[in-house]
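Chain by chain, the residues:
Number of protein chains: 2
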Amino acid sequence: MIAETKDEMRDKILDAALKRFSNYTASKTTMNEIADDLHCSKASLYYYFSDKKSLHFAVLEKIGEYFISEQEMEAEKDLPAASILMNLLEIKRQFVLRYYRLEMFKILNDNSAETIRAMTIMKERELAMMARIMKKGVAAGDFKIDNISEIAALYSQAMEGLRFSVSDCLNPKLEIDPEEVEKIIDRQRLLTEIFVKGIKQ
Amino acid sequence: MIAETKDEMRDKILDAALKRFSNYTASKTTMNEIADDLHCSKASLYYYFSDKKSLHFAVLEKIGEYFISEQEMEAEKDLPAASILMNLLEIKRQFVLRYYRLEMFKILNDNSAETIRAMTIMKERELAMMARIMKKGVAAGDFKIDNISEIAALYSQAMEGLRFSVSDCLNPKLEIDPEEVEKIIDRQRLLTEIFVKGIKQ
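Protein chains in written order, with full-length UniProt numbering: chain A, 1 to 201; chain B, 1 to 201.
With the rest of the complex left out, here is chain A:
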């Protein structure tokens, strides 16, 4: 295959890996298969990614960026803040169900400096976005909140609680179960309804 620039080639590899990983899981995909998909040599892959783990990490970084950007775009829409919060849950649901085969936690549980840095940046963007949504709700006269960023963080953490419970910490699952995801999103919807009513003007 012919790619004009180095960045372009890197992107093509990421796309091919994402496709394989999300259809067949990362662990069941070989570097050979990705090279075959791209009609290139395995050596070319290793020019861009030192091993499958670093390719896996780069794929997660790419879709993480896509995921947060999609949410940020939703947050900017001219809609009531409460509707935006509900729409974000739907985006999350669709995203997780589409990509649950990516075996994210296999990589993200490694506690490496790189992972922690990436997760911290994602978290900060999410919190800033939540604060913008809460601010919009206040500006529209929908929400009555004293400290916007505190309430935004509180909402985010409460949502996380529905995913990361004590039992998850005691016994972290490496795989995401699609049925479990639907249940979590349902609970997050219910808590969002209660929360929104609780901060209503």
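Read the hints as simulated data drawn from the structure, not as lab findings. Treat the hints loosely; a few may be bogus.
A short, non-exhaustive set of chain A residues, derived as facing chain B with CB atoms under 7 angstroms [claimed, not checked]:
| id | residue |
| --- | --- |
| 1 | LEU154 |
| 2 | GLN157 |
| 3 | ALA158 |
| 4 | GLU160 |
| 5 | GLY161 |
| 6 | LEU162 |
| 7 | ARG187 |
| 8 | LEU191 |
| 9 | ILE194 |
| 10 | PHE195 |
| 11 | LYS197 |
| 12 | GLY198 |
| 13 | ILE199 |
Just so you know, these numbers come straight off a predicted model, no measurement behind them. Backbone N, C-alpha and C fix where the C-beta goes; we use that ideal spot for every residue, glycine too.
Based on the hints, put chain B in the right spot on chain A.
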């Protein structure tokens, strides 16, 4: 020292260990010190507890029982459900600040069958208690809830989220920081206020 029965002696050991552990931490306490406090031989301690770890676990079990019983008693009081929820947070605050030196997570993170069983039982009692409180709120006409046990579990999990966030899972702390506890309880109070308003009749 003289103790009438085996159970009585076991209890005296637990009390002495709890006193030492909560003043000086479990890791800085030796079996010798506990034996000295009780004016008994170290061999007598080992008759009841095979090692310091099993003594530590038994101490946590004992105060865990005390903690959940205290909450259950509060839950039975003739008070509005919303006040009970707030009072439970105050019980939690006092409990954690009193016993944070017990190094609970050193034991509770071991993922043993014994720990998981004990935590599961505690969790079930907490959920049953929360359901009774929600039911009381509904009976008094304070809360408007369709599915009581679902909302009770939702509230519990949301509260946990303020403690167990993604970053805790990525980087679990073995020690409890009293200042951090105050912050968590403050956030839990705020979320409780919002939640209670959100399920109001």
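Next on the checklist: For each hint given before, does the structure comply? Return the numbers of the non-compliant ones in rising order.
Outcome noted: none
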